[in-house]
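Dock chain B against the given chain A, drawing on the hints supplied.
There are 2 protein chains.
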Amino acid sequence: MRPRLFTPGPTPVPESIQLAMAQPMIHHRNEDFQAYLTVCHDKLKLLFQTSSPVVILSGSGTSGMESLVSSVMPDGEEAVFVNGGKFGERWGELLAHYQVPHVEITKTWGVPVTADEIIAVIKTNPKITTVFLTHSETSTGTFTDIKSVTAGVKSAFPHIKVIVDGITSVGSHELRMDEWGIDAVVTGSQKGLMIPPGLALVAVQQSMIEKIKTLKSKSFYLSLQDALKSQEANDTPWTPAVSLIIGLKYALELIEKEGMEAVWKRHSRLGESVRRGVTALGLRLFSTSPSNAVTPVYLPEGVDWKSFNGNLKKKDGITIAGGQGPYTGKIFRISHLGYYDDFDMITVMAGIERSLKSCKYPFTTGAGVAATHQYLMETLG
Amino acid sequence: MRPRLFTPGPTPVPESIQLAMAQPMIHHRNEDFQAYLTVCHDKLKLLFQTSSPVVILSGSGTSGMESLVSSVMPDGEEAVFVNGGKFGERWGELLAHYQVPHVEITKTWGVPVTADEIIAVIKTNPKITTVFLTHSETSTGTFTDIKSVTAGVKSAFPHIKVIVDGITSVGSHELRMDEWGIDAVVTGSQKGLMIPPGLALVAVQQSMIEKIKTLKSKSFYLSLQDALKSQEANDTPWTPAVSLIIGLKYALELIEKEGMEAVWKRHSRLGESVRRGVTALGLRLFSTSPSNAVTPVYLPEGVDWKSFNGNLKKKDGITIAGGQGPYTGKIFRISHLGYYDDFDMITVMAGIERSLKSCKYPFTTGAGVAATHQYLMETLG
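Going down the list, the sequences are from chains A and B. Just so we're aligned, residue 15 is where the first sequence starts under the working numbering, counting upward by one. Just so we're aligned, residue 15 is where the second sequence starts under the working numbering, counting upward by one.
A pair holds if it fits inside one copy or across any two, identical chains being indistinguishable in the list.
In silico DSS-like pairs for lysine-lysine, Cα to Cα no more than 25 Å straight-line:
id, residue 1, residue 2
1, K329, K374
2, K59, K227
3, K263, K327
4, K263, K328
5, K371, K320
These are computed hints drawn from the structure, not numbers from a lab. Since the structure is predicted, the reported quantities are computational estimates derived from the model, not experimental observations.
One chain only, chain A, in its complex shape (with noise of 0.2 Å):
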């Protein structure tokens, strides 16, 4: 088989965009280079469902995160964070490195916090300016729900700023920063956006934009306040990733000719078919507030993590996900965030049938891609 790719990042990237990729150089002091630039700050603006600027940084999506703590947090400021995962759990290392003062809300992985939980924290810690949270959990496939959390803890405490890791949320689940009052959204290159690792996109809101005008940043490289700047000359302070914003600017263009809203709704028809063709295999879902970024799965009794993968990398081509920290060898994941369609999920269904069946685990054949199948055909749009 050939090879294909259902991991939350690098997630694959669409053929039209590899090859513009590949056209010559061009300088980034340079207008063509600043047409691009010019592209996709408008158009990231949709992604993000803002007016407000989104910063291009040249670096992964835990550049992004740094540079929100280390551009956003003065002295005396405090933070509460949520530990639900690996990716929360950068948060607290973030914070942490920074020496923000911080309370950690720990969540079983797998279940998304609430408004109430937050609020809770806050009014036992009067110094806690900032909110960071995970929209969509990738460790755990876990989606926790930003707009009502976002409007909750505002509504307590109208001052208090929200700050979202959306890296695997982008793109993949409804996101509308300026409507529900999100003060700051990171994602990365290599996910909803669908172009290689490389790019970390930071949009901050007006408020936020203030409070880093004053600040300097604790960063160099990830300075936001260098980089918006930069962004208002149409530049940034460092040599950009010239190539993948050239690709960022087509993939941009993708989104916006599907629609932000279509966008979505196939991410939620596509993780839901997911979840549809695994349980219909006896498998069990890990999360109980499912990401439409990516499907995480107990590996059932008597199936080895090892075997399993081995068999669908090796005899079919697909790459899929394992378990992170303690999932280790207990779960494993898969991937529909980005350049995928309902063919991508029957096919990796049939994929997971077929390495199950070389595990030996019992089940009715076809059970898995008929679900999924099905659940895609009642739903076309």
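Chain B in isolation, oriented as in the chain A frame:
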């Protein structure tokens, strides 16, 4: 005319590498990708002429510089840096950002530092542990004799560490990190390595690694401690810029095939051919110690940068670089760093002549091309 790029980063990307980077995306925690990493880590040692590890960071050259300043300077240690242009100045900005006490040696742009100047500073500042240098200062096209400076400084003060910005020298100038006793060198992907911007490569000697292991980096994303630890497991701490690392592998193979010394010699010949060409046109070179990466030239009296550059770019498709900082509008810079050969130099000289003619600068048509061509023919290997 078709577009041609003669800027000192980004530099042209070989067509074979553009297409190699356009291959289907692979996952970074996967043996396919690890095979790329293994080759890169191995062949980067050839590039830096070292047996020590070379770390790959996903970011610009500046991110690589920051990784060093934030990872190797503990409280209590002081530094000296040389400011002879925009990129030397950046070491100073980084040292100031991280509040590392430091002495600045200011050089006239275009004039390199000597060992004696550095030794004099260290003598009167005994807390200095580290010297930050620039091998090829891109803004001034000036080469510093890192070999003799390092030898001089280390002979006077064996404990001093020497850290080199090799961003435009790696690949264009002889650099023998181990033999010359240099402790760390940083470069960027979009320079002598001929791939798009987005990677920084940081070579660190064993002595430096011991130091890094005992220090928590002040940066999170750019921690060399974390990068070195991941590298031991053939991994990266954060999602790397996969497509660029694939390109890096092919670029390093091209360099290995040509041979490191042949690459240095090619740059030396190309640089000299351009210097002879512009001199034959009656133009004046900017630097007293010319870099083999880029040649800055004074604009002659009466020739306006905007017209000169506009002709080159609009009529002839040739992109060169202008002056930076105080030399904006006063000099122009022709790059010969990376994927260039003899005929590219003849082409750029022909373009320069055409634009000078349009600007009504008086010279004998063909004098520049002839001088470049003649030197290249005389020095055919």
